[in-house]
Amino acid sequence: RKEVEQDPGPFNVPEGATVAFNCTYSNSASQSFFWYRQDCRKEPKLLMSVYSSGNEDGRFTAQLNRASQYISLLIRDSKLSDSATYLCVVKGTSGTYKYIFGTGTRLKVLA
Amino acid sequence: DGGITQSPKYLFRKEGQNVTLSCEQNLNHDAMYWYRQDPGQGLRLIYYSQIVNDFQKGDIAEGYSVSREKKESFPLTVTSAQKNPTAFYLCASSPKANTEAFFGQGTRLTVV
Numbered sequence: 001r002k003e004v005e006q007d008p009g010p011f012n013v014p015e016g017a018t019v020a021f022n023c024t025y026s027n028s029a030s031q032s033f034f035w036y037r038q039d040c041r042k043e044p045k046l047l048m049s050v051y052s053s054g055n056e057d058g059r060f061t062a063q064l065n066r067a068s069q070y071i072s073l074l075i076r077d078s079k080l081s082d083s084a085t086y087l088c089v090v091k092g093t094s095g096t097y098k099y100i101f102g103t104g105t106r107l108k109v110l111a
Numbered sequence: 001d002g003g004i005t006q007s008p009k010y011l012f013r014k015e016g017q018n019v020t021l022s023c024e025q026n027l028n029h030d031a032m033y034w035y036r037q038d039p040g041q042g043l044r045l046i047y048y049s050q051i052v053n054d055f056q057k058g059d060i061a062e063g064y065s066v067s068r069e070k071k072e073s074f075p076l077t078v079t080s081a082q083k084n085p086t087a088f089y090l091c092a093s094s095p096k097a098n099t100e101a102f103f104g105q106g107t108r109l110t111v112v
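These protein sequence lines are chains S and C, in that order.
Okay, so the first sequence: first residue is 1 according to our numbering, each after it adds one.
Okay, so the second sequence: first residue is 1 according to our numbering, each after it adds one.
It is worth saying that the hints were derived from the structure and are not from the lab.
Some hints here could point you the wrong way.
Footprint (simulated), chain S over chain C, 3 or more residues, beta carbon under 8 Å [unchecked claim]:
#1 7 to 19
#2 45 to 56
#3 77 to 87
Think about it this way: if two alpha-carbon atoms lie no more than 25 Å apart in a straight line, the pair counts; the simulated DSS-like pairs of lysine-lysine are [to be verified]:
#4 S:45 - C:9
#5 C:9 - S:79
#6 C:14 - S:98
#7 S:45 - C:57
#8 C:57 - C:70
#9 C:71 - S:98
The beta carbon of each residue, even a glycine, is placed where N, CA and C say it ideally should be.
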């Protein structure tokens, strides 16, 4: 089983739609969780950290479910500019510097 | 500007040659990382360093070497022992454990 798993997609959605991605992780001792966005042939950029209580940043909402070992990303009112690959990232046990990346979920927002 | 600088952006080398990729950061981050990304695949960790003069192998270290003589710099050498070196190489840094990582713009290496 992969340490971090994501549905590769692509998710093709119309502008204005709401879309959600899930990501599962295998290490129950994982401490930190992030969503990154990666555009084609570019570097990953931090979208948001994921906190235990859940957090929201504009149209983006991230949730963490420790019991089921998954994190989610919800995008409301999708824009064409949201088209990208979304990477789920998990950091290991406390004090570790090692990040584990999922393979990413590709989103295409259609006009 | 503060950030992580990778150079060059594109690099072409002949098979059998060693090549060194540069990564410099002025963010005063303790930890630095090298990842490799192949088409349709996730990022795979090559090496990482938590402090100066110390580094650890990641999941795919064979055929690569690094050094961390200065806090700001973490160069990666792709040696001739690396069987399939053509890839997108990404350098990242983070201030400390349990915080997010920030990436450079990447170096696209093509070996012909």
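Now the hints, each set against the structure:
no., hint, in the structure
1, 7 to 19, "violated (count 0)"
2, 45 to 56, "holds (count 3)"
3, 77 to 87, "violated (count 0)"
4, S:45 - C:9, "holds (17 Å)"
5, C:9 - S:79, "violated (29 Å)"
6, C:14 - S:98, "violated (32 Å)"
7, S:45 - C:57, "holds (24 Å)"
8, C:57 - C:70, "holds (18 Å)"
9, C:71 - S:98, "holds (18 Å)"
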